[in-house]
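K.L.:
Listed here are the chains, written in short residue letters.
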Amino acid sequence: MSFLFKGARVLDPTSGTDAVLDVLVNGDRIEQVGANIASKGAEVIDVAGAVLSPGFVDMHVHLREPGREDEETVATGTAGAALGGFTAVCAMPNTDPVCDSAAVAEMVAAQGRLFGLAHVVPAGSLTKGLEGKFLSPIGEMVHSSAAVRVFTDDGKGVQDARLLRRAMEYIKGFDAICAEHCEDASLAEGGQMNEGEISDLLGLKGIPSEAEEVALARDLALAKLTGVRFHALHISTAGCAELIRRAKAEGVRVTAEVTPHHLTLVDSELMTYDTNFKVNPPLRSAADVEALRVALADGTIDAIATDHAPHSPEEKESEFESAPPGMLGLETALGVCITGLVEPGVLTLLDLIRVMSTSPARILGLDRHGGPIVAGAPANLVVFDPAKRWTVDAFAMASPSHNSPWEGKPLRGKVLHTLFEGRLVVRDGSVLSSVHS
Amino acid sequence: MIKHLLSIDQLSVEDIELILHTADSFREVGTRKIKKVPTLRGRTICNLFFEPSTRTRLSFELAAKRLSADVINFTVDSKSSAVKGESFKDTALTIQAMGVDAIVIRHSSSGAPLRLSNWVESSVINGGDGAHEHPTQALLDLYSIRERFPSFEGLRIAVVGDIIHSRVARSNIKAMIKMGSQVVAVAPPTLLPSTIEGWGCEVAFQLDEVLPKVDVVYLLRVQKERQNEQLFPSTREYAAFWGLDRRRVEMLKSDALIMHPGPINRGVEIGSDMADLERSIITDQVTNGIAVRMSLLYLMLGGSERGPS
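Read top to bottom, the protein sequences are chains A and B.
If you use this note's numbering, the first sequence corresponds to residues 2 to 438, in order.
If you use this note's numbering, the second sequence corresponds to residues 12 to 320, in order.
This is chain A alone, in the form it adopts within the complex:
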């Protein structure tokens, strides 16, 4: 199949391109980029007024397969990814069984290939069974057909500093990435939300910012000691942003991500005890949100990642303290970021594409994603209307779960088309149902 996208505003962070151009895609490659390209038999898709950019890359999703297929599967998760404009996602290892072997990693990656809606790169667990005791077979996962690049015990931090040091040293030998959910378990124990004025009023046990900052400070010291490539997952506090800033200035090989929800929502959302706002790390204060925005804009934070975390309705329709933390993110990321970051002038559209696509693709070493948009490059692209208004309907999403904190909220910016390896997996905002047949 070949497609000619006519009249798009092409935004490509790698080349800095920001111009109205036509883009011709043939097979899995971009064939030509330029003004007034002839169709040469390609299907012409008029995208005047829309933005065409490299497909987004989400470094942090929970696809729940294997183990909790009632909440999400690789099929539904990649459908949600495609609808959100993502062409690659990194699946976290806290499945059942845990992704702590080449076999599980290869199964997850193979499911991704089978459905063909987005590239799925599994993250492996740092420790067997996420138990924080023994190293997972890291080398076997790196060299498996899944080509695992990121190792993490996401969901919790590695508490044993000596073990983490060993893990970092070992991972370094495979040129992989050590990623951490930074949390000191003793300081965070039993915590339900951000510790502060709101937790005191609600009578909910708080998680202090320091639970995250103490862990990150330790991790950065060990990253410096070992020389590993270290990635801080979903940082949520002003103090963490400052720690990353200082570590980068010292030359530590560190990257960091932040979620759309930590950039736009604050802990007072929990005044109604709505479990869809319960997440870990928790929603923080307005001052933290402001500091994270500054750190994202000045390049301290490298990437936006959703931490897409589906949970079943029955698990969320419980008492606040019993509800699991986590929220959906794939289908709302673009709209939330345009509405919450681009419109108020925190980021330009080109900056947003850099932190949602180019930068995470480079961190993960995904050469086929993140641009550039030039002749001969792989056709992993998204076309979106940055001005389109829509209202979030969590029950209309691809996921069998509905735990979106933006349910019913008006957003601006919506994906029109997603091209994955040259195939139009989302057309006019609808995902193709039979891509793999």
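In case anyone wonders, no lab produced these hints; they're calculated from the structure.
Where a beta carbon is used, it is the ideal one built from N, C-alpha and C, also for glycine.
Don't take each hint at face value.
Said to hold, decoys possible - Simulated restraints, written as ranges between beta carbons of each label pair:
1) A:S187 / B:K46: 37 to 43 angstroms
2) B:G191 / A:K410: 37 to 43 angstroms
3) B:D101 / A:F135: 38 to 44 angstroms
4) B:E132 / A:D29: 54 to 60 angstroms
5) A:P401 / B:S119: 27 to 33 angstroms
6) A:P401 / B:F85: 29 to 35 angstroms
7) B:L288 / A:K410: 53 to 59 angstroms
8) A:G300 / B:E132: 23 to 29 angstroms
9) B:L104 / A:P345: 37 to 43 angstroms
10) B:E213 / A:E243: 33 to 39 angstroms
11) B:V297 / A:A162: 49 to 55 angstroms
12) B:A215 / A:G300: 44 to 50 angstroms
13) A:D161 / B:D81: 54 to 60 angstroms
To be verified - Restricting the straight-line Cα-Cα distance to at most 27 angstroms, the calculated cross-link-like pairs of lysine-lysine (DSS-like) are:
14) A:K410 / B:K100
15) B:K46 / A:K206
16) B:K264 / A:K206
17) A:K206 / A:K173
18) B:K44 / A:K206
Unchecked claim - Over the 10 angstroms line for every Cβ pair with chain B, so calculated as not near, a few chain A residues:
19) K134
20) G197
21) R246
22) R254
23) T340
24) R363
Guided by the hints, dock chain B onto chain A, whose structure is given.
P.N.:
Relative to chain A, chain B alone:
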């Protein structure tokens, strides 16, 4: 009147005065030989208790029965409920399907009454949720203070103990400040919320400096497990610094009151025989609890058509 009572924040000064004033008539009913009025005949009240409680459940049950309402008690061990796999929402819908007029809920999880009120048609009354609020306790405490002092305005009240984990403290401090009293929260810093200065009360770490200046000492129950969490070194040390023993009672003004929501730990937060002094109104609080809960149920469910007779 409000449909649900989830937090003291929902009540205005006028609402509270109406509840306390109405409770006067029900207090009188409690002194009669026949302690029952027909006000809520044909109405059904469910006591939905997810946490062990004797006194609050008995008080609500007695209040409802003295108003001639039908009472059902639904006690759920939150652990066994989780094992059976019934979600909190499904439990709520089950109660709803039984067609009750009001649900009094006690739950160990903060916010459970508010979440329940989103799912049911009936009125929801918070009978204590986690470390959040216990609004009817605050109302009965105000009633008990009002019996001894002509006005809340200008009263100085010390609330002493485990404030950070206490729903009683949260509701009482709000209610006392709302009615015009000055509150000083007294506890070691480990038992105080870090943002308590935003609550509009004063804070003191030591009890001795506060006692000569207050009209009411409100003692909170010390939970034994707090010692295991290292929030203070031992109950012995707690008693030595924050327990109201004889020496400290003698520091009080002559007309100062001693209050406690119960159950009391004699020898820990209160000296063994200090609970039995004339100035201690701990048993009055229990008696008044029934009248205040009758008043609340009447105002929330009975409407204006028929008052107590």
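K.L.:
None of the hints should be skipped; say for each whether it holds.
P.N.:
Right, here's what the structure says about each hint:
no.	hint	verdict
1	A:S187 / B:K46: 37 to 43 angstroms	violated (53 angstroms)
2	B:G191 / A:K410: 37 to 43 angstroms	holds (41 angstroms)
3	B:D101 / A:F135: 38 to 44 angstroms	holds (40 angstroms)
4	B:E132 / A:D29: 54 to 60 angstroms	holds (57 angstroms)
5	A:P401 / B:S119: 27 to 33 angstroms	holds (30 angstroms)
6	A:P401 / B:F85: 29 to 35 angstroms	holds (32 angstroms)
7	B:L288 / A:K410: 53 to 59 angstroms	holds (58 angstroms)
8	A:G300 / B:E132: 23 to 29 angstroms	violated (54 angstroms)
9	B:L104 / A:P345: 37 to 43 angstroms	holds (42 angstroms)
10	B:E213 / A:E243: 33 to 39 angstroms	holds (34 angstroms)
11	B:V297 / A:A162: 49 to 55 angstroms	holds (53 angstroms)
12	B:A215 / A:G300: 44 to 50 angstroms	holds (48 angstroms)
13	A:D161 / B:D81: 54 to 60 angstroms	holds (58 angstroms)
14	A:K410 / B:K100	holds (24 angstroms)
15	B:K46 / A:K206	violated (42 angstroms)
16	B:K264 / A:K206	violated (37 angstroms)
17	A:K206 / A:K173	violated (38 angstroms)
18	B:K44 / A:K206	violated (47 angstroms)
19	K134	holds (26 angstroms)
20	G197	violated (6 angstroms)
21	R246	holds (26 angstroms)
22	R254	holds (36 angstroms)
23	T340	holds (27 angstroms)
24	R363	holds (41 angstroms)
Hints 1, 8, 15, 16, 17, 18 and 20 from the earlier list are contradicted by this structure; the remaining hints agree with it.
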